[in-house]
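Chains as they are written, first to last, in our numbering: chain A, 1 to 428; chain B, 1001 to 1203.
Keep in mind that the hints were calculated from the coordinates and are not lab data.
Even glycine gets a Cβ: it sits at the ideal position worked out from N, Cα and C.
All clues stand as given, with none of them false.
One-sided and incomplete, this derived list gives chain B residues near chain A with beta-carbon spacing under 8 Å:
| id | residue |
| --- | --- |
| 1 | G1035 |
| 2 | T1036 |
| 3 | G1038 |
| 4 | L1040 |
| 5 | Y1065 |
| 6 | D1075 |
| 7 | A1077 |
| 8 | L1080 |
| 9 | A1082 |
| 10 | G1101 |
| 11 | P1155 |
| 12 | P1157 |
If you want the footprint, here are the derived chain B segments under chain A, 3+ residues with CB under 8 Å:
| id | stretch |
| --- | --- |
| 13 | 1045-1057 |
| 14 | 1066-1074 |
Selected chain B positions facing chain A (in silico; Cβ < 10 Å):
| id | residue |
| --- | --- |
| 15 | F1081 |
| 16 | G1092 |
| 17 | A1096 |
| 18 | L1098 |
| 19 | R1099 |
| 20 | G1159 |
As a plain string of letters, each chain reads:
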Amino acid sequence: MGRRLLSIWLPALPDGGAPDRLRKLAGWCQKFSPLTAVDPPDGVLIDITGCAHLFGGEAALRARVLRQLPQARIAIADTAAAAWALARYGEGGSEDLAPLPLAALDLPARTIVRLRRVGVRRIGELMRLPRAELTAGFGAEPVLKLQRALGQAPEALKFFSAPPEWRDIAHFAEPIFAPAQLQAALARLAEKLCARLAEARLGATALTARFYRIDAAVPEFLLRFAAPCRDEFQIAKLCKEKLQQIDPGFGVEAISLAAEQTEPLAPAQQSMERPAPDFSQPVNTLLNRLDESRLWRAAPHESHVPEFAAKKIPVTMPPVPWGKPRLKRPIKLLRRPDQITAIAPVPDDPPVFFSWRGRGHKIMRASGPERIAREWWRHGQDDARPEAEQIRDYYEVEDEAGARFWVFRAGMHGGAAPVRWYLHGFFG
Amino acid sequence: MNFDFGFSVGGAAATRAFLGLVGAGTVHEVRAPEGTAGHLALAAKLLAQSGDTPVVWVSTRPAVYPAGLAWLGLDPARCLFAEARDDAESFGTLEAALRGGMAGVAESVACTRLAARRLALAARQGGSVGFLLRHAPRQTALDSSAFATRWLVSPAPGGRLLAEILYAKGGQPAAFFIDMEAEHGTAPALDLVAGAAGWRRAG
Chain A
1 MGRRLLSIWL
11 PALPDGGAPD
21 RLRKLAGWCQ
31 KFSPLTAVDP
41 PDGVLIDITG
51 CAHLFGGEAA
61 LRARVLRQLP
71 QARIAIADTA
81 AAAWALARYG
91 EGGSEDLAPL
101 PLAALDLPAR
111 TIVRLRRVGV
121 RRIGELMRLP
131 RAELTAGFGA
141 EPVLKLQRAL
151 GQAPEALKFF
161 SAPPEWRDIA
171 HFAEPIFAPA
181 QLQAALARLA
191 EKLCARLAEA
201 RLGATALTAR
211 FYRIDAAVPE
221 FLLRFAAPCR
231 DEFQIAKLCK
241 EKLQQIDPGF
251 GVEAISLAAE
261 QTEPLAPAQQ
271 SMERPAPDFS
281 QPVNTLLNRL
291 DESRLWRAAP
301 HESHVPEFAA
311 KKIPVTMPPV
321 PWGKPRLKRP
331 IKLLRRPDQI
341 TAIAPVPDDP
351 PVFFSWRGRG
361 HKIMRASGPE
371 RIAREWWRHG
381 QDDARPEAEQ
391 IRDYYEVEDE
401 AGARFWVFRA
411 GMHGGAAPVR
421 WYLHGFFG
Chain B
1001 MNFDFGFSVG
1011 GAAATRAFLG
1021 LVGAGTVHEV
1031 RAPEGTAGHL
1041 ALAAKLLAQS
1051 GDTPVVWVST
1061 RPAVYPAGLA
1071 WLGLDPARCL
1081 FAEARDDAES
1091 FGTLEAALRG
1101 GMAGVAESVA
1111 CTRLAARRLA
1121 LAARQGGSVG
1131 FLLRHAPRQT
1141 ALDSSAFATR
1151 WLVSPAPGGR
1161 LLAEILYAKG
1171 GQPAAFFIDM
1181 EAEHGTAPAL
1191 DLVAGAAGWR
1201 RAG
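In isolation and in its complexed conformation, chain B is listed as follows (with noise of 0.2 Å):
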């Protein structure tokens, strides 16, 4: 799966940071505060772009909206959806899908460390892309270094989405506007924020 982002805004080493992150094999964790939908459409939108591989989204309480994200560029004839029992069925699923070289999205409540191993292990085998998205605060106690980016995606003004890459491995925090507005179906438009506040190198 490659990732081709035709980044218009942001400079080279937005560029560069965001390229090296979501990179075939590798599982991201997306967090969003209550009652926001913004990790949905970041992970839709970089999904947009992977190419033609089947998506999976898998939820206990599934909401994700074909119309919606076929607005976003992602053709929902390459979704599967997936209703699971509970957390770990979900990531059982998300766990399949990955290991056999779909892209999978699952939402759950909480995640464990054992199974954000199991999930990056998953990926790595298949070489695919997962999105782990979560309604979580910027920092909680079982936080998981296996996956590759962990990000907090938060609504910003002017219908654009504030994206904070809260650890990554290998590579440096950032920040970024996300620019949902911007033409669909096409790469998102990114803006690096300059001297975003609460940046930490995660460990």
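Okay, chain A solo, but in the shape it has when bound (with noise of 0.2 Å):
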């Protein structure tokens, strides 16, 4: 199957057809295909190839498109060439070119004129006569234009992708790769992307700059902001600590900073008093020099398993209020629980001595036990260590010099396992 184009001709453009009417409305036409053109002055080209069926077929799309630019006269073809020429000289939605007249191959007045000197009026008689002598009487125009309509020559379409709506780009005369360079283009860039986002009452939450060397090579980076954010000197500073991060290379064409995500932000009313301190500049230094994994908020989860009580969010996310907590907890926790050597009389007592990293530590005082069960509905049934073992009893113990541990006997006397000690945190 060939290609398959749809042309639309907005005979009557409200503002005599607008260049930046048609890039809107080739833009809005993406959602039809991929692929579509701007066709000046008043008309717009859609690859529609394989596109068809996700709209019922080519009639339900021509129906569609119709209904919603009821204005425009369309047409489906083959060839760019002969669409254009259906939806403006085309009847009752036949592909026939042949009675079409000579104008809607686009040729020129005067071409036109001599062919119909010489009696051709329509399409049908001019693919009647030899190609040769055509070329020979009229110019190599008319063959050409009937050989694309017909699909025998190729044909140039420039399809148009909708461009990032809030991005800025600056060329430069000669590569520049001076890092003093590249920080002055991206602070004007900054400068510009924030007026324009100013008036449109917006913030940017990402912004991308992208660095067009001349070895085809596009390096680039990500800035990321808590909060939406239009400062160009922040937005500049920003850049300047990740510009470390590029390599120019042999320099650098043309830079662009576009703002991938934006949020409304809304214009600040200038006080006399002083303002409610912001912390969204130091946070977001802090979020584009580590990085997202490596900053975060805690939020309260749902476990009684200590590690498991709370979980990491981004800090792009707002906070999650804590209750107060209903028992004593550590201030400091251990990743993995640390395994140690403890002397406790049997069954369920405090340890009274343990040794931990070759250190021993005398227990002068405990309390506890704070019992915590597995989750059990998030393991496997294991028949040969029942359930009922598979606990930890919380211990807050004192040494003799003070300092204080939550241990934990893993297990239970007598069970199927030994019982183990560990220590998971530090009190002070």
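The two chains are supplied separately, each in an independent frame; assemble them into the complex guided by the hints.
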């Protein structure tokens, strides 16, 4: 199956077919197909090859476009030139080019007049003429246009990709690579972009800077913001830090700065009073220095197992309120409980002595136990070790120097597995 | 940032000493013996009283337990946690936070005098309070006087911490017993230790 192209003609464009309006229309038409092109002065071309079935076939697609653009005339054909001709001069949905007038081939008026003089009025009559003689008599254009319409000569179509809305680009006459030049260019771009964002009352939450190098490489960096931002000084400062990651190679021809994500940001009212403290700037600095994996907030999580009772959430999310804790918890918790050697009276007394990292601690005071069972619904059944033994008994113990630890006994005396003692946290 | 300690014990001298020490725009070094976490507890307890400024906790091995912070009265929703690759990045993170007006706590192994001066400057510019926590002995070769105070927090029997002020800019060294078991969410209860050994006027 060949290509199928849909041409839209807007005979009565309200503002005389301004290029902006056509571009907007072409961008809008990308909902039908990713390949759309502006067709100046008053048309849009869509490549619907392999797309029509998504809208219920060509007829349904045609009906849908017409419903949304009632003033338009549209046509579908195998080539762009044929679709162009049929949209403007076609009748009744026929794809036959033969009955169309010569003007449908978009020939210059002079050529049409000369062809009419020899009795050629329609495309069908032109098709019957020998091509070589036509070229000799009327130049290459009538034959070329005819061949394009019939799919015998290649057509050059300039498809259009919607530009990101918040993107500014700076081109340089000479490649630049000095850090100071790159910084200055980014600062100018940030100023331009922020001025446009301010007009639209938006703030960026993610920015990408791309560096178009002369050797066709495009290194880039991403800036993240904890809150919407359109402060050009802050953006320029963050860019300056991130520039260290960028290798300009033999030079950079162009730099673009694009706001990938934006959020509404109302203009701030200047006030005579001291403004409420805003901590977004240091948070943005840290976020871009450490990236999201190494900067987080803690949110409570519904779990009795201490290491799962807090989970990490990104700093871009609002903080989650914590309730007043019900039970005493240590200030420092080891990521993995550290196994210790403990001497404890059986069956379930706190230890009287334990040794951790080669140092002995004689326990003077202890409180507990706080029994925490395993979350059995998360684990498979193990017949060798009953669920009743999958417990931890936590004790807060204080050694002779006063250092307080959070230790626990895993398992129970007389169970299938011997008991193990672990150190899990520190109180002070 | 205003610290409002509701001191109940220890007398007027201790109150004055404390209030003068942990004010806005200062960085404090808190040391603790290896294998204890009294410095974390003291920093949390002090920051719990400091309004609602966000607090950044940075470490190369983050182990601060949010539920433990909540127990000591510091709302974990106020806190941001950061993991640094090395001490230098910890200092850089703390510096950025302090300069931006946030409170910060960094754990590090060592601390150079240059790093100490930079942190002190950042805190002064941002009007914020910072803590640098280390496992270190009472005295090291690189003790810096850029910090407003230097503390040694060691465990004391009976659920208390012994907080000794080794150095205080423009203040007298002193030692306090801090009762961590006192009602959580309130100011630490302080006891001035009379005649504690090892005081010196640090310079």
